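Using the hints, position chain B against chain A.
Top to bottom, those sequences are chains A and B.
Each residue of the first sequence is one higher than the last, beginning at 1 in this note's numbering.
Each residue of the second sequence is one higher than the last, beginning at 1001 in this note's numbering.
Check each hint, because a few of them may be wrong.
One side only, chain A facing chain B, incomplete, derived with CB under 7 Å [claimed, not checked]: (1) N61; (2) A95; (3) I104; (4) G177; (5) S187.
Quick caveat, the hints were computed from the structure, so don't treat them as lab data.
Since we're looking at a predicted model, the values are computed, not measured.
Ideal Cβ positions, reconstructed from N, Cα and C, are used throughout, including at glycine.
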Amino acid sequence: MIYLQLFWSFFQIGLFTIGGGYASLPLIRNEIVTNQGWLTMQEYTDIITISQITPGPIAINSATFVGTKVGGFAGAIIATVGTVTPSIILSLILAWAYYKYRDIKIMQGILGGLRPAVVALIAAAGLALFVAALFQSGGTAIGGITINFLAVAIFLAALYALRTTKIDSIWLILVSGAVSILFHLFS
Amino acid sequence: MVNKEKSGRLFWMLFKATFVLSAFTFGGGYVIVPLMQKKFVEELKWIEADEMLDLVALGQSAPGAIAVNTSILVGYRMAGLLGALVTVFGTVAPPLIIITIISYFYMNFRENPLVDALMIGMQAGVAAVIVNVVIGMVSGVVKQRDIINTLLLLAAFTASYFFDVHVVLIIFLAGLIGFVNLSYQEKKGAIK
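Extracted from the complex, chain A is given alone in its bound form (with noise of 0.2 Å):
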């Protein structure tokens, strides 16, 4: 029974999540935390600040992590599942009507719209973690604004990389990890 909860719960969370990641912050809110009693607000607090230091969607995270609380790891995958079911279903509609009317002229005008618009968000997203990558997290502050210049250093020195070689970004996110982590030990 509390597996088949978790499956709805998580569902409605999935399903109503527009516009991605932080717009299903209320609703897990307003579900797990008042409605079902899964999390205290501390826990809920906490859930968002692990989400923000591990990989992956934090709709994902907060699943598993209620998940595994209510049902151990098979709550855990229940949950997950109950949040990406309504994508899934719904990605895959969109994508059949994509590939059958992409080339009526109406489709095309639309998709000449949203191209600029979606870089213009990847954009505005990369900004913003650039901004919390090099001038928030544990730098220096100086008039007013804080740098970590390990930080700077390392953007600086992969950007540089990925413009002049082909190296492959993950391993390049790799190494820069690599390379904080040695001069935390021998600073």
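Relative to the frame of chain A, chain B by itself:
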């Protein structure tokens, strides 16, 4: 579909690509999008740049996590329904495993200084990858020398970054402007 070969190798590559991308994507949905762009468009050359942008727009329009939706769309594009199931599994597996482990001892994890150092370094690396992809994408739009598209890009960026306008609203308005723009240009062409 360019690649009809639904072999085990294709499924394995789809799983590996989405699993690795998801495992190293910190900071939420938008971070994975440029990484997917780099992997599937630039490195693997499986999907055209314009088509990838369309898939991202669709992924943002469907409910749920953007990373999950976009990986479902890429999987479907490459290998149909089964491909979509493979990529969604690849995307949710890393957070599922990592959070399950962390949920047993999470406070120690957060306060470990080595974890903190790792996060700072990896975030700087992720920022570099994203800035690099964004430079390529923005110059792609600007090089079209289409004033409407360039203005649309600037307007959408301003709305999203400075005014926190909801993504769904931006997508809807951009689609509408694109449609009106094309209709207007056709009308103008017909009069000539």
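> Does the interface hint hold: is S187 of chain A within less than 7 Å of chain B, judged Cβ to Cβ?
Replying inline: violated (10 Å)
Restraint: G177 of chain A near chain B, CB-CB cut 7 Å. Satisfied or not?
holds (4 Å)
| query | Are N61 of chain A and chain B close enough, Cβ to Cβ, to be under 7 Å, as the hint says? | reply | Nearest chain B Cβ about 5 Å off; hint holds.
| said: Holds or violated: the hint that I104 of chain A contacts chain B, with Cβ atoms closer than 7 Å. | reply: violated (11 Å)
Query - Closest C-beta approach of A95 of chain A to chain B relative to 7 Å, hint status - result: With Cβ-Cβ at 5 Å, under 7 Å, it holds.
The earlier numbered hints that this structure contradicts are 3, 5.
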